Every structure is written in structure tokens, then in C-alpha cells.
Amino acid sequence: MGYYIDLKSLNIDQYKNILKSADLLPSRMILKNNIDDIFNAIKKQKIENLEELQATLKNKTKLQGFSNISGIEEGYLKILIREIKSYRQSPNKIEDFPGISENVILKLKNIGIKNTLQIYDKILTLQSRKQLSNQIEISENEILRLTKLTDLSRIRWVNHTFAYVLLKAGYDTAEKVADADCTELYEKVKKLNAEREIYKGHIGLHDMTLCVEAAKDVSLEIEY
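1258 is the number that this note's numbering gives to position 64 of the sequence shown; each next residue is one higher, with no gaps.
Warning: the hint list may mix true and false statements.
Unchecked claim - Here are the computed lysine-lysine pairs in the DSS-like style, where the Cα-Cα straight-line distance is at most 27 Å:
| # | residue 1 | residue 2 |
| --- | --- | --- |
| 1 | Lys-1279 | Lys-1202 |
| 2 | Lys-1279 | Lys-1254 |
| 3 | Lys-1226 | Lys-1410 |
| 4 | Lys-1226 | Lys-1202 |
| 5 | Lys-1254 | Lys-1202 |
| 6 | Lys-1279 | Lys-1308 |
| 7 | Lys-1237 | Lys-1279 |
| 8 | Lys-1303 | Lys-1287 |
| 9 | Lys-1324 | Lys-1287 |
| 10 | Lys-1382 | Lys-1394 |
| 11 | Lys-1287 | Lys-1410 |
| 12 | Lys-1410 | Lys-1316 |
| 13 | Lys-1370 | Lys-1385 |
Because the hints were derived from the structure by calculation, they are not lab data. Every value quoted in this text rests on a predicted model; they were computed, and no experiment measured them.
The whole structure should be built from the sequences, with the hints applied where relevant.
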């Protein structure tokens, strides 16, 4: 499947059902309103999958045009495209992860790797990680750590800091996050941050629930 979810593989009916059952951000709960009628209107415009829908709404002009021909309110479509784009969040920069040495960052930059998307294909298997380790003379343990941070970075809304927090809390792969008990994960992260003060602000139980649900969308391609 690759670093990102394959939007072409999600047809319009499948995505409608995902939205119906999703625990959405409060600002996006409007997407559940009249969802059957709205998605029927989308299908009438010959849009078959999520990739086609994203392309149709990719800029202001196209979005306004689609609103006019489909009869779907422009405000709804703006929120819908934000939700779709969250599947393709920007990759995390390697240099932003806590605890990555300047030496490792420089060696990766020298072969054109600056972020988690660029390193992804090189860390999928035990063999590919060994090859990368030999190529740039970084220990296999360090490569494995970067692999896990990359895996966690594929979860929607997980930035460089939170990927590190999940790693340190023992939820060091997307699969472990997907299988986590939300309350238990929340308590562990809360305790860890109280001890180490890794991030400021507050991550609530609802945020953790969203994270666990988002992790279930991540393909399990990385070999451990």
C-alpha cells in the first residue's frame, strides 16, 4: 500500500460508511449530517473513489464548481476535503525527532533522506534496514528506532513529538497503537509526560481514542 493509504482503493460508499462510524473531530461532525443524500449526490457526478473526490475538490475553484453542479453546500465540501487530506498529512522531518544525533541526520541528508516519507521504502524489511545501516554506517539499532518513528508517523495527526512519546511509552509500532486500550494508552502517556515533560499542553482521552482509531487505517507492511 505504501506510506499513505491508497485513496483509490476506497470507493464512495465505503468512505461514507467510514464517516458514519468514525469518531470525528468536533469541528467535523457536520460530515455526518444528511450523509446518505450528500454521498448519493457525489456518486451522481460519476465519482467512484476517494482519490477522484480529492482531485475534484483540490482547489477553491474546483470545489465551488462542484458545489454548484452537485447542490452540496460549499461549507460542507470544505470540511470534507480537510478530512480527506488528513489521510495525506505531511511527513515528519527526521531532524525534528527528539534524540536523533546530528551525525545521523547529516548521513541521511547526504543520501537525500530528510523525512519519514523518503526513508520509508528503505526500512520496510530486515534486509533493507541492514543495507541502509551498511550504506551510511549507522547502527542497525538506530535504523530500527527510525523505522519505528516512521511507522508511528504514518498515523494521522501524529507529529514528530507524539511519535517519540508513543515510542517511549512502549507503543512503538502502528500495530501496537491500533491494538491499544485507549484508556490505558492515555494513562501511560500522561504519566510519561508528567515525569519527563516531553510536550506542553494537554492530550485528552478523546484525542487518544482518535489516535487509536486512526492507527487501524495504517497498513502493516513493515517487517519487524
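Right, here's what the structure says about each hint:
no.	hint	verdict
1	Lys-1279 with Lys-1202	13 Å, holds
2	Lys-1279 with Lys-1254	14 Å, holds
3	Lys-1226 with Lys-1410	20 Å, holds
4	Lys-1226 with Lys-1202	22 Å, holds
5	Lys-1254 with Lys-1202	22 Å, holds
6	Lys-1279 with Lys-1308	22 Å, holds
7	Lys-1237 with Lys-1279	20 Å, holds
8	Lys-1303 with Lys-1287	11 Å, holds
9	Lys-1324 with Lys-1287	22 Å, holds
10	Lys-1382 with Lys-1394	16 Å, holds
11	Lys-1287 with Lys-1410	23 Å, holds
12	Lys-1410 with Lys-1316	23 Å, holds
13	Lys-1370 with Lys-1385	18 Å, holds
Of the numbered hints listed earlier, not one is contradicted by the structure.
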